[in-house]
Structures are given as C-alpha cells and as structure tokens.
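Chains as they are written, first to last, in the numbering used here: chain E, 1 to 290; chain X, 291 to 618.
Since the hints were derived computationally from the structure, they do not count as laboratory data. Wrong hints could be hidden among the right ones.
The calculated BS3-like cross-link candidates involving lysine-lysine, where the alpha carbons are at most 27 Å apart (straight line), are [unchecked claim]: (1) X:Lys599 <-> E:Lys88; (2) X:Lys598 <-> E:Lys88; (3) X:Lys566 <-> X:Lys445; (4) X:Lys599 <-> E:Lys89; (5) E:Lys88 <-> E:Lys179; (6) X:Lys598 <-> E:Lys89.
Pair ranges (Cβ atoms, derived) [said to hold, decoys possible]: (7) X:Gln562 <-> E:Arg86: 56 to 66 Å; (8) E:Asn184 <-> X:Ala579: 22 to 32 Å; (9) X:Lys599 <-> E:Asn184: 36 to 46 Å; (10) X:Leu595 <-> E:Asp176: 28 to 38 Å; (11) E:Ser85 <-> X:Phe372: 50 to 60 Å; (12) X:Val461 <-> E:Arg166: 55 to 65 Å; (13) X:Met367 <-> E:Ser85: 50 to 60 Å; (14) E:Arg166 <-> X:Met465: 49 to 59 Å.
From a predicted model like this one, the values you see are computed outputs, not experimental measurements. Positions of the beta carbon are idealized from the N, C-alpha and C atoms, including for glycine.
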Amino acid sequence: MSALILQSLYSGLLTGGYYALIALGLALVFSTVKIINLAHGEMVLLAAYMAYVMENSFATNPVVAMPLALVIASLIAVIIYFLISRIKKHRELNSLILTYGIGIILTNAILITWSADIHSTSNEAMQKPITIGPFSSMTSELIFLGVSMLMVAALWWWLTRSWYGRAVRAVSSNRDAAKLMGINPQNTELVAFIVAGILASFAGVALYCTGVIQPSLGTALTTKAFIITVLAGIGSIPGVLIGSVLIGVAESLTVTLYSSAIQELTGMVLFLLVLFVLPNGLFGQTRRRG
Amino acid sequence: MKLRHSIPIILVVLYGVVPLLLQHNNYIMSILVASLTIAGIALAWSLLGNLGGMVSFGHAAFFGVGSYTSAILTMKMGVPVFPAILFGGIGAAIASIAVLPALRLAGPYFALAILAYANIFRILATEFTSLTGGAGGLLGIPLFPELFGFNFGSKLGSYLIITSIVLIFAVIYRMIRTSYHGFALLAMIEGEDSTRVVGVNSTFLKAMMLFLSAFMTGIIGAFNAHYINFLEPDYAFSGVWTMIPIVAAIFGGYRTLTGPIIGAIVVYTVDQLIFKALIPSGHQIILGALLTLMILFAPDGLIPLFSKKLSWARRVKENRSPQTGHIC
Chain E
1 MSALILQSLY SGLLTGGYYA LIALGLALVF STVKIINLAH GEMVLLAAYM
51 AYVMENSFAT NPVVAMPLAL VIASLIAVII YFLISRIKKH RELNSLILTY
101 GIGIILTNAI LITWSADIHS TSNEAMQKPI TIGPFSSMTS ELIFLGVSML
151 MVAALWWWLT RSWYGRAVRA VSSNRDAAKL MGINPQNTEL VAFIVAGILA
201 SFAGVALYCT GVIQPSLGTA LTTKAFIITV LAGIGSIPGV LIGSVLIGVA
251 ESLTVTLYSS AIQELTGMVL FLLVLFVLPN GLFGQTRRRG
Chain X
291 MKLRHSIPII LVVLYGVVPL LLQHNNYIMS ILVASLTIAG IALAWSLLGN
341 LGGMVSFGHA AFFGVGSYTS AILTMKMGVP VFPAILFGGI GAAIASIAVL
391 PALRLAGPYF ALAILAYANI FRILATEFTS LTGGAGGLLG IPLFPELFGF
441 NFGSKLGSYL IITSIVLIFA VIYRMIRTSY HGFALLAMIE GEDSTRVVGV
491 NSTFLKAMML FLSAFMTGII GAFNAHYINF LEPDYAFSGV WTMIPIVAAI
541 FGGYRTLTGP IIGAIVVYTV DQLIFKALIP SGHQIILGAL LTLMILFAPD
591 GLIPLFSKKL SWARRVKENR SPQTGHIC
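Please model the complete structure; the sequences and the hints are all you need to start from.
Below, the structure written as structure tokens:
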C-alpha cells in the first residue's frame, strides 16, 4: 500500500509539472495585465492539435510541431490582446465575456476542423516506460516535468532580470508612472500576451504527448489553470509550480485512494477552500481586496 | 410608458395569436418552447448581471440542480408536477448558498468560482448514482398533467406554461428594479463603497439577487425536465445552458428587461434554423463570433442601440432640441 501511495505521489508530481505549463501563461497575463484570458485553455488545445497534425500527417515526432505551435499560439495571443485593447468600458468584466466568446469560437473551430474524436500520441519514444528506482512513468512525462521547471525558471528570470520583464511588472504596478519612464504600456502588455502564447504552445505539445485531446477540453484546461493561479497567489511564479504539484498530487492520491471519477472534484474543492480561507493564495502578496 | 401601452398587444399575441396560428406546427412550437426556456435563463442571468453586478459562467449549475430536484421529487416521492417545479427552484436557490462565500470576491473571481461550482454539481450528479441514476440518466420523468380539462403535457400546454413563467419572471424583475432596493442595487454597481456608507447592506442585497437568479434558473430547469422527460448529468449541467443565455442577454442588452427575452428568441431561432443548417457540427462558432462582436461594438446590446437611434430620430423630427441630438 505504501508503495502504491509513493508511486501516486510521484505521478502526481509529474502531472503537476505539465499542469504548471498550462497555468503559467494564464498566471502571467492575470498578474500583469489583470485580465483572465478565458480562451487560454483553447490556445493550449490548439497547440496540442498542431502536434497531432504533425504526427498524423507527416509521421514525425510530435515535438517537431513546436515551431508551428509557437507561431499559432502566439498569433492567437496577439489577436486576443488586440481585441481586448479595443474594449472601451468596464474592461475587467467585458474582457471576461470577450475571451469567453473567443474560447467558444476556437472550440468550435477545432470541432469543425478535426471533428469530435479523441486523439493521443502513438509515438513510441514518448510512451516508453521509464523507471527511476521504485517509480515508473512515461518518458514524455519526465521530459515535460523538466521542460516545465525550465520554463518556470526562465519566466522568473525574464520577469525579474530582463528589461522587458521588468517593464511588464512596472506597467502592472503603475501604468502612468511606467509611461513617464519611457515604457510603452501597449507594447509591454502585448509582449506579456505573446509570452503567454509561447508558454501555451509548450503546454499544448506536452498535453498531446502525455494525455488525450478532444475539442471540448478547452474549458477544463482554463478552469484548471485558473485554479492553480488562485492556489499559487497572484504574482507568484514559483508558486504556480508548487500549486500545480499540489493539485497534481491531490488528484492522483484521490484516484489511488477513492476513484478516478471524483479526480476533478478534489482540485475544485481545494480551490474553493483556498479561495475562501486564503483569498491571496498560498504565495501571493498580501493585498486587500473588495 | 411605451411598454405599458403595448402590454395588452403582447399578451394577445402570446396567448392568442401564436397558439392559434402555430399550434399544429410541432417543429415551430418546439423551437418556440426551447427559445423561451433560454429566455428564462437569460432573464435570470441578466438579473444577476444587471442588478447584482456579477457575471456568472455557471448558471448551468442552477439549471441542472432545479431539473434534478423536480425530477427526483416527482419520480421517487410522488410529488405532483407543478409543486415539484416550485421545489426545483427552491432546490437551486439552496444550492446557490454554496456559492455565497464567492460574493465577497471581486468580479472575475466570482465568475470563475461559479464556473468551478457548475463542474462540481455535474460530477456529483454523475456520482450519486442511487439518487440521480448516474451517467445513465433518468428516464420517464412525468409529463405535465391534465388540469381543468386541458392537457398541459401537449406542445401547446408546454408553450403556455413556459410563456407564463417567463412573463412572471419579467414582472418580478421589473418590480424589483423599480423598487427602493432596485435603486440601491443599481447605485451599488456605480460605487459599492459609497452605497455602503449611506446604509445599504450590499452583501445582503447581492445575496438576495443570487438566490432569486438561482431560483428562477432552477424553475426553468425543472420545467425543461418535465418537458423533455429525460435527464442525464452531461445534458442537465451542459455548458450550453450557460452559453446561449449569455449570448442572448448580451445580444439583446442585459441591462434592459426586454433585451434578454427578445435576444433569446432571435438568437436561438436563428441558430437552430439557419446556423445549424449551415454548419451541422460546430455551429456555435457563430454564437461565439456574435458574442465577441457585440462586446467590441455594442456592449450594451441591440435593444438600447435601437431605442437610442429611435429617440434620436424622433427628436430630430420634432426639432425640439437639436443640440442634444448629437450628444447621445
């Protein structure tokens, strides 16, 4: 039994790795541009379908789809930002409804293009079991845990050390003052969206390599990303990784100890608990709200 | 004022002309009933959005809870259909108590928290197999009974029931909006802190709007359960029950009373008759595009846009105050 629990902790950790990839983009946009992109899950899903297309039509490793996924996801991100910036009033709520609408468009575009079938990778190198000590997993899961940690580190470095990352933070903390310092807020926010698109493309390829995809998955991905963002606390990038692992472990323990049907329920109950007890999240800055 | 004059005409059309002309066309009648079902949810949604100042992406939760409550009460406890529908509404309102803590949170948090709730209820309905029949669903939910020699189970009967429900909702909505509390609620959207200062219990009023909105949605859900006689979790808690009402309310104008109703009838009918024929699977892409375009170009909806144009035209015609003409 204890071996079983250890194994489920391990797979929870791996799941958390790819959850973090999904959540990072949403967390970045939410904490800097103050917009919840409800179409984020669909962006991830679209990138995953790029990997599917590459594997299915050109018989390549799905990872080869990365450049294509990068271009598509970033393009969608740019379009979303362009549309959001045209909202005239009640930006916060109207951007929610707007991105909700874009999510519907993308979901149905995927449905029309690739039908409602379920797809997953058939690449052997990705699915090969790999055993480290007493633990076993798929190769792809381990790869994308690495990618995920790399992304968290890169994003953290970008936000704290690079000029553009600091500009993004400056605009998010005080738009007018940032303008006076010679920062163009529109450009900076656009950059934040593009980075979110890049993160979404990695998440999409990871999603296709480790799991199954279907057109209706988008909303579930957005919800999951939002849950993790809230759990982590707004503005905490390392918190996203920890929050994702927490959700991943909680879910995989639920599957091991109870049943796989209520797997989703665990994450949501955890989310609501955090929302009501610690509205600032586990690692967020303390900020008065409401 | 204008609305008051047209009320008798609307009543005659809804209860006289439409049933007389269309009662033998089953297809049109079923589209009408379905669009009025959407109109009911859209009205409840915009009640919460307009008066409560909260955008919800989880109204499917209340719809599903209402339909399951009513279905289970009639099937397992032998409660008559009409009281059961009322209990469906009450059930949904009770379910909304679980969302109450989310009221403390600002706009986007509430919207997303309620989305998570909708998922939770769907999973619960799938898992509580003994009560809800699980993923297999409930079959043979009782139809509307025969009352005063009239069969409410027919298409026409269902049409009359849903029309009355939506009309009653509209009256309730209007009564609240014109009341003292409605005034306080509208002021609250402008500035919650300043209304609190003058003694408005904002959390209580918002909670009441949430209850009422959930209650209305639950009633509609219960009606739908008895109308189609079948329930399964993926149907009852489907995102469609959230999506189409949002599109309808935004399309018609969720800050008006008639906007969500007219929006629902137009959007649903056009979607079923035209879009579905054009793109059999994935026709909701047009609804998504519609929602996006409305938010970008007419966030207040079409009804206010038209009435603004009309009043502007009238003013120009009367030539009373040309200066104010182009301010609008």
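### Message
Hint by hint, where does the structure go against what was stated? Just the numbers, ascending.
### Response
7
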